[in-house]
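K.L.:
The chain contents come next:
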Amino acid sequence: MTATTVSPLRRDRVRPAAPKPRPDLRVVREPRPRHTLAYALVLIVLVGAAVFGAVSLNALAAAASVEARTLDAQVRAAERDYSMLVAEVASLEDPGRIRTAALDLGMVPAGPARVVVLERSLPADGAVAEVFDGGLDADPLKPLLSAER
Amino acid sequence: MTEQPRRRRFSRVARILSRTGDQVAVRRIRWLLGIYGLLIVVVFAQLISIQVVDADDYADRSVRQRERTITLPAVRGRIYDRDGDVLATSVDGATVYADPRAYRPTETPDGTPVPAAAAAADVAAALAPILGRDVADLTERLEQDAHFVYLGRQLDWSVGEEVEALDLPGVAVLAEPKRTYPGSALAAQVVGFTGIDGDGLQGLEAQYDGVLRGKPGTLLLERAPGGLDISTGIRELRPSQVGTDLVLTLDRDVQHAAEVAAASAVAEFDANAATVVVLEVATGDVLAMASSPGYDPNARIQDDQDAWRNRAITDVFEPGSTQKALTIAAAIEEGIVTAETDVEVPGHIRVASSTFRELSPTGEPTLTVGDIMERSSNVGTIRIAQELGDQRLDHYLRAFGYGSPTGSGFPGEASGMLMPPEDWWPTSLPTIAIGHGVAVTLLQLAGSYATLANDGRSVAPRVVLGTVGDDGRLKPVAARSGEQIVSPSTAHQVQGLLERAVTGDRGTGSLAAVPGYMVAGKTGTARKPATDGSGYSDQYVATFAGFAPVHDPQIVVAVMVDEPNPFYGGIVAAPVFSEVMEAALIARRVAPDGSATTLPAAMDHARAQALEVAEAAQASLDENPPPSGPGGASGDPETDEQGD
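Respectively, the protein sequence lines represent chains A and B.
Per the numbering used here, the first sequence starts with residue 1, numbered consecutively.
Per the numbering used here, the second sequence starts with residue 1, numbered consecutively.
No wet-lab data here; the hints were simulated from the structure.
Any given hint might turn out to be false.
Covered by chain B, according to a simulated footprint, are these stretches of chain A (three or more residues, beta-carbon under 8 Å) [to be verified]:
#	segment
1	25-37
2	94-106
To give a feel for the contact side, a few chain A residues facing chain B, derived at Cβ under 7 Å [what the hints assert, rightly or not]:
#	residue
3	A18
4	G53
5	S56
6	V86
Remember, predicted model here, so these are calculated numbers, not experimental data.
Ideal Cβ positions, reconstructed from N, Cα and C, are used throughout, including at glycine.
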């Protein structure tokens with residue numbers, strides 16, 4: 001392979017610049033007029049929009065606040081009604097009240113209970129019966145086992 | 001000396017006058033700049049003071065102006081019976097208050113007079129019929145020199161709504177938690193009550209106040225001057241924690257039956273009070289604990305205080321003959337006697353300086369242990385106890401629960417009274433053996449009978465079944481394990497003896513029988529100690545304790561009637577036992593234990609009854625034939641035939 005030889009670049013001697021001729025007088029044009037009015041309008045529109053937006057957002061926030069308070073009040077009222085209904089149901093189920101109401105309706109206390117023992121098979125004997133065990137799951141009104149109480 | 005100052009003054013004036021307009025303007029501008037600079041320095045210093053030095057203080061002030069911290073009251077936990085029926089709950093009550101400043105003329109800070117918003121008398125007149133209060137009393141309250149007065153607290157919410165509808169100036173309504181007891185007097189002495197501020201004051205409400213009360217929460221928010229919430233501002237909610245619900249072992253139906261029976265006994269026998277305890281044998285659960293007279297915690301008055309206490313655990317009494325079952329059980333357990341052992345029973349027995357006699361002399365020289373129990377023989381029981389001795393009698397009585405609280409978890413439970421044997425008098429042994437000189441609560445007595453019914457294994461009575469967890473499920477409290485006090489064999493023998501006391505021909509407890517069930521129990525009649533400590537008074541306590549069904553005991557009932565007339569336990573307390581035991585057996589769905597009528601026998605009985613009724617009707621018709629109508633025949637072929 002043969003390397004290419006490059007001769008160094010020769011710099012020309014700096015010659016002193018010839019004095020420039022002084023420019024002739026020429027007409028200077030008036031600078032292009034700026035559209036101040038347009039800028040002002042754009043600015044006004046932007047500021048107006050910002051103000052309008054801020055006011056609108058504030059109004060929306062206030063409306064949301066009012067709505068939140070209304071909903072809070074509704075929730076409180078619903079909770080109040082619920083607790084009152086629970087107390088009312090318990091009051092209506094009170095054995096003493098039921099006894100008094102029954103007596104008012106002309107009922108009389110039951111006589112001595114009699115118990116009969118079955119000694120022979122009945123047709124239904126042998127059938128698998130679903131025994132009500134008194135479990136609380138059976139009564140949705142009982143709040144004890146309800147997680148949503 | 002005077003020339004130089006004058007000249008200097010003159011030169012200064014000349015210099016001022018010689019200034020040109022530009023120089024004057026420059027000087028004025030310099031002055032103005034100086035003043036402005038000074039103002040800027042002042043403003044900047046103030047800015048530094050506000051923003052840096054006092055920044056925290058101003059920030060706090062700002063927060064205080066905007067922020068509102070609202071306390072969210074905790075809802076008190078409910079109290080349920082064992083089936084989840086509500087015994088105590090909280091509802092919103094209406095608290096009516098007023099600002100009396102609204103009813104007198106005032107001035108604004110700048111001196112402008114402000115007239116009264118309304119006349120206090122007019123407002124009082126409008127509120128009085130709604131609040132149910134006196135007009136003069138309300139007027140006086142509204143004219144107080146105060147900023148806030150209560151006009152009514154924790155009223156029904158409907159009352160608050162009526163007040164709000166009036167829109168009276170200066171009057172407002174506040175929601176305040178109000179404790180309510182839906183069953184009114186039901187289990188009132190057990191459940192107790194709270195004060196107006198929601199603190200438990202009595203009963204389980206006081207004992208479990210820390211569990212029931214919950215923790216109040218807070219709501220931190222920012223509000224504009226108008227009162228509206230700033231929705232973009234701070235809003236920190238620390239929700240209140242609802243109090244834990246409590247589940248009792250009580251059965252509402254059994255409790256009601258016990259209260260009705262106790263109240264009936266008080267009324268029928270003109271008694272001072274009556275108390276009933278119902279226990280479930282297997283668990284020791286207190287199914288009912290009733291005291292009469294009772295009270296309504298929703299409308300309690302101070303005069304009721306005597307009715308507030310739960311007599312079953314606070315009042316002690318001498319158990320009388322109900323104690324004999326324990327004395328004989330101890331003797332059987334120690335092998336001193338069996339149910340069939342004959343015991344010589346003279347008409348009376350003398351110990352130290354005292355003579356003990358039979359209440360109803362038997363006239364027989366010997367009685368079996370079964371006879372002693374059936375006839376409630378004092379002398380026979382004392383003879384057996386003498387064989388047992390002080391130490392062993394004391395040991396067994398304490399093992400049965402005498403002399404210490406049952407640990408039921410109820411506040412104010414009494415220990416009863418059983419002196420240590422070292423302090424006994426010579427007459428203590430015979431006295432204590434038949435239930436005198438010793439004092440128990442009715443719950444202790446019921447617990448001792450539950451031990452006998454539970455094949456000799458002790459039963460720890462409990463009132464609280466558990467709490468309700470966050471998931472709404474029951475979290476039962478740990479049950480206490482019992483100890484074997486007497487052997488099952490001994491317990492079975494005593495159960496048989498107690499059955500004789502109810503079903504035997506000479507049994508003192510025949511009125512305790514329950515149709516369909518075999519019942520065992522023992523009557524007790526004891527004189528009350530004199531209040532001045534000088535022996536015994538002429539007042540009595542009638543008791544009965546027993547269980548059913550005998551062959552598989554499920555329920556124990558103990559009854560105490562204070563100062564009845566007549567005073568015999570077999571007459572006064574046994575019927576109460578029967579009524580309550582029957583209700584409890586039915587409520588707990590306990591199967592009859594063999595004494596019930598069989599179906600064929602019941603049908604035969606019903607057939608015979610129907611035949612008797614028919615024959616009686618026929619005989620009545622034969623003697624008094626119905627008058628025939630003017631038309632003769634009634635149109636009924638059978639009647640027509642008879643008429644023929």
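K.L.:
Report holds or violated for the interface hint on A/S56, using the least CB-CB distance to chain B and a cut-off of 7 Å.
P.N.:
violated (14 Å)
K.L.:
Under 7 Å, Cβ to Cβ, is where A/V86 needs to be relative to chain B, so tell me if that hint holds or is violated.
P.N.:
holds (6 Å)
K.L.:
Please check whether A/A18 passes as an interface residue: C-beta within 7 Å of a C-beta belonging to chain B.
P.N.:
Constraint on A/A18 not satisfied, violated at 49 Å.
K.L.:
Given A/G53 as an interface hint, is the shortest Cβ-Cβ distance to chain B below 7 Å?
P.N.:
Because about 14 Å separates A/G53 from the closest Cβ in chain B, which is outside the 7 Å limit, the hint is violated.
K.L.:
Taking beta carbons only, do three or more residues of the segment 25-37 of chain A come closer than 8 Å to chain B?
P.N.:
violated (count 0)
K.L.:
Just to make sure I understand the rule, a stretch counts as covered if three or more of its residues have a C-beta closer than 8 Å to a C-beta of the chain. Does the segment 94-106 of chain A meet that for chain B?
P.N.:
Per the Cβ count (4), the hint holds.
Checked against the numbered hints above, the structure violates hints 1, 3, 4 and 5; every other hint is satisfied.
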